[in-house]
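Protein chains in written order, with UniProt numbering: chain L, 1 to 440; chain Z, 1 to 440.
Worth flagging that the hints you see were computed from the coordinates, not collected in a lab.
Small disclaimer: the values here were computed from a predicted structure and weren't measured.
Don't take each hint at face value.
No copy labels: a pair is met if it fits in one copy or bridges any two.
With a cut-off of at most 25 Å between alpha-carbon atoms, the simulated DSS-like pairs for lysine-lysine come out as follows [to be verified]:
no.	residue 1	residue 2
1	184	298
2	410	251
3	410	45
4	31	298
5	45	298
2 protein chains.
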Amino acid sequence: MTSRQIRLALRAYGVGGPGQHNLWKDPRVPKNASIDIDWYIAQAKAAEHALFDALFIVDSQFIDATYPPHYLNRLEPLTLLSAVATHTRHIGLVGTLSSTYNSPFNVARRFASLDHISHGRAGWNVVTSFDTGTSRNYGLDEHLDYATRYGRALEHVQVVRGLWDSYEDDAFPAAGDVFLDPSKLHALNHAGEHFRVDGPLNLSRSPQGQPVIFQAGVSEEGRNLAAHVAEGIYAPGGTLEATREYYADIKRRAAALGRDPDHVVIFLGAQPVVAGTDEEALRLSREIFEADNDFGRKLGQFGRAFGAHDFSQYDLDAPFPDVAHLAEKSGRTRGTEIIRRATSEGLTLRETVLAFTRYQPSPFTGAPDTVAATIAAWFEAGAFDGLNVGFRTHEDLSRFVADVVPLLQKQGLFRTGYEHDTLRGHLGLPIPANRWSVAS
Amino acid sequence: MTSRQIRLALRAYGVGGPGQHNLWKDPRVPKNASIDIDWYIAQAKAAEHALFDALFIVDSQFIDATYPPHYLNRLEPLTLLSAVATHTRHIGLVGTLSSTYNSPFNVARRFASLDHISHGRAGWNVVTSFDTGTSRNYGLDEHLDYATRYGRALEHVQVVRGLWDSYEDDAFPAAGDVFLDPSKLHALNHAGEHFRVDGPLNLSRSPQGQPVIFQAGVSEEGRNLAAHVAEGIYAPGGTLEATREYYADIKRRAAALGRDPDHVVIFLGAQPVVAGTDEEALRLSREIFEADNDFGRKLGQFGRAFGAHDFSQYDLDAPFPDVAHLAEKSGRTRGTEIIRRATSEGLTLRETVLAFTRYQPSPFTGAPDTVAATIAAWFEAGAFDGLNVGFRTHEDLSRFVADVVPLLQKQGLFRTGYEHDTLRGHLGLPIPANRWSVAS
Chain L
1 MTSRQIRLAL RAYGVGGPGQ HNLWKDPRVP KNASIDIDWY IAQAKAAEHA LFDALFIVDS
61 QFIDATYPPH YLNRLEPLTL LSAVATHTRH IGLVGTLSST YNSPFNVARR FASLDHISHG
121 RAGWNVVTSF DTGTSRNYGL DEHLDYATRY GRALEHVQVV RGLWDSYEDD AFPAAGDVFL
181 DPSKLHALNH AGEHFRVDGP LNLSRSPQGQ PVIFQAGVSE EGRNLAAHVA EGIYAPGGTL
241 EATREYYADI KRRAAALGRD PDHVVIFLGA QPVVAGTDEE ALRLSREIFE ADNDFGRKLG
301 QFGRAFGAHD FSQYDLDAPF PDVAHLAEKS GRTRGTEIIR RATSEGLTLR ETVLAFTRYQ
361 PSPFTGAPDT VAATIAAWFE AGAFDGLNVG FRTHEDLSRF VADVVPLLQK QGLFRTGYEH
421 DTLRGHLGLP IPANRWSVAS
Chain Z
1 MTSRQIRLAL RAYGVGGPGQ HNLWKDPRVP KNASIDIDWY IAQAKAAEHA LFDALFIVDS
61 QFIDATYPPH YLNRLEPLTL LSAVATHTRH IGLVGTLSST YNSPFNVARR FASLDHISHG
121 RAGWNVVTSF DTGTSRNYGL DEHLDYATRY GRALEHVQVV RGLWDSYEDD AFPAAGDVFL
181 DPSKLHALNH AGEHFRVDGP LNLSRSPQGQ PVIFQAGVSE EGRNLAAHVA EGIYAPGGTL
241 EATREYYADI KRRAAALGRD PDHVVIFLGA QPVVAGTDEE ALRLSREIFE ADNDFGRKLG
301 QFGRAFGAHD FSQYDLDAPF PDVAHLAEKS GRTRGTEIIR RATSEGLTLR ETVLAFTRYQ
361 PSPFTGAPDT VAATIAAWFE AGAFDGLNVG FRTHEDLSRF VADVVPLLQK QGLFRTGYEH
421 DTLRGHLGLP IPANRWSVAS
């Protein structure tokens, strides 16, 4: 490809349940959308028809009844993506799986299987699990501490990648009398600080060599992990200035580690709202916000910045409670930022929650030409390599695809046809050389 | 159903690779059959067209280069079955997953997801992992000891079932202003000897209430586990007498625990060989055996009865080595039986291996009417409720379906149409009541 083009990933919508935005009241949305595989296959097909790079499935592993409804009821991401795989042919399939509560051998098997089934379209979004609720679903009273969690995640990814190389590409000649050439099968014999895994994996190298590694690092440790291992990054939204700064920082860190910064593809999270006019889009955007404007629900969601802490136990109109230990412990940038602001501005708990959950329209809100122009401007300003777009319904996606994508294509900023069949191909990522194969 | 009918499950063939029986030399078999999802979808569709109850996927989690070729290269079972699910509508989908190296929370999520995706056709074949090679892929030097492994498996299944009941069936009214009724979401708060899991699961009850639990217990502990929790059982093949004895024993144990013996459906493993005449079938059966008659490979496979022990280190023509500690440790009935016979008959290692891997045609070998008559006779003698049939190729399955199944149907011994859409429906198993729902 000669000129740089925007990547587009679809953040699958309705993943946890149509409770969000009270969508279950919308007759176009099945009440059980989040567990309806046809709902996902339809999204994937629509995104593939629109030439998107990838479908992205988020995940979580803990709920209680106070949780936002869109976490309540969800399919396990790889089970979901495997079903989607055989109904699509081009679009990448990126699933979230926690490195904290899944063993490297199982993770390696499952993503390599998805890569075989999809003929080279699998991606693993590596997350670390941070809340006490999740750890209690896995037999632990407390989650691992922050540094341990990231050190462990780095080693986890390294082990998984090692297992993916167990067979060299030409291990199965299946010619003459030789089915397997045993010299091309390699044990890993990894013994590190957190894992000891012998291998080999019982699965041949997948079409991409290795599935693509995604990560979403915001904190110092998260950014370092991303710079070390991520080939795709899910960046948080924010102002143009903040996103450019994040983008430059990640590329700089990767380069400092000797990596080609083009091989770290940064996707910015975005929730475009498109309508006939800018005014109409802004009105729609506020309607969406108001539809889900329940303080109790916000309070629950707010607690997630502190490891799913229950803030309903405090007086809402007293000064912000002392939860500094929770922010430190969970190592969450957002928790620290919340405390800093609440303290410096002398806010009550209620004021703090409202300040951090206030209405703020997506920068990609407006008439089609406004949204396309903003996307182009941000892209050219170095805010992202791609967008990870989320919508509420099929209709919202269709509108974006029909009205905004063609404007990007006209400017040469988005592909007009697939040039590749694999996720690595779409993203311009090389197939990693097998560590055991030497030029001969 | 008024009269008792035979169940048929298809043990998916080519699962580990077409190295077995040198099948990769057969031009009808893709050289990468074991990792080709279309190969499995085709099997599942053929079995569904023939009205089978279930497709069954075996598994293993360790290989080395000396392993039999059909273990070498396989897709992870649930990833595989999820892809098959959306291409079929009736057939049950039973996947093997080890309770030893997968956490109950993840197992519960994955099978419940498959049950949602397949609209009520998921089954979990619960296995315990016994070999040192596997344990070293999960960071342990030695596998768990035998009693621990089975006690842990029982508790594992109990936790998984508890998690499957997290939501009551009517938890999501999605009416008026109520999406979730929080009183219908229940934490499990399990704290047992082996697991501590709080829950709840973040997934609603699946169409079967709970996926069907399968197990294959041969040893004393295995039979007890089966009697406690299994709703489907994979029984080992053997003589008519041995299989009847096993059948009666399992039913007796289940009844003694207060269970309805009809709710433990016993599938006998079978590899039918069908040809125009009995003689031709026997000749074909021997040909299949001879095609894979490699002593080195047999020696490797033989070692699996002792926890994947490497017998190539011993003099083949010296007396059978002292490996009693391995048989005891792994708790394998077969290992103990091998030692008993080698000792009492004074066999060398070579003689022992040959004695236990000698040619023995399947009892279901012959012309179609011979095979159908044998199946009917064994069924009526109480040897099984169903057969778990395995084949080498699509052609072998087609022959069985075209020539043998209609003879069973003519006798009223096999269905002529699906009466249900779920695996529980096919097997005559009730939907388990949710432990939290009380008659009101």
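Here is what the structure says about each hint:
Taking identical chains as interchangeable, the C-alpha atoms of residue 184 and residue 298 lie at most 25 Å apart only when they sit on different chains, with a minimum of 22 Å there against 55 Å within one chain. Taking CA atoms no more than 25 Å apart as the test, residue 410 paired with residue 251 passes in neither setting, with 28 Å inside one copy and 71 Å between copies. With identical chains, the CA atoms of residue 410 and residue 45 are at most 25 Å apart within one copy only, with a shortest distance of 23 Å there and 44 Å across copies. In this homomeric assembly, residue 31 and residue 298 come within 25 Å of each other (Cα to Cα) only inside a single copy, at 22 Å, whereas the closest approach across copies is 55 Å.
In this assembly of identical chains, the alpha carbons of residue 45 and residue 298 never lie at most 25 Å apart, being 33 Å within a copy and 48 Å across copies at closest.
In this structure, the earlier hints numbered 2 and 5 are contradicted, and the remaining ones agree with it.
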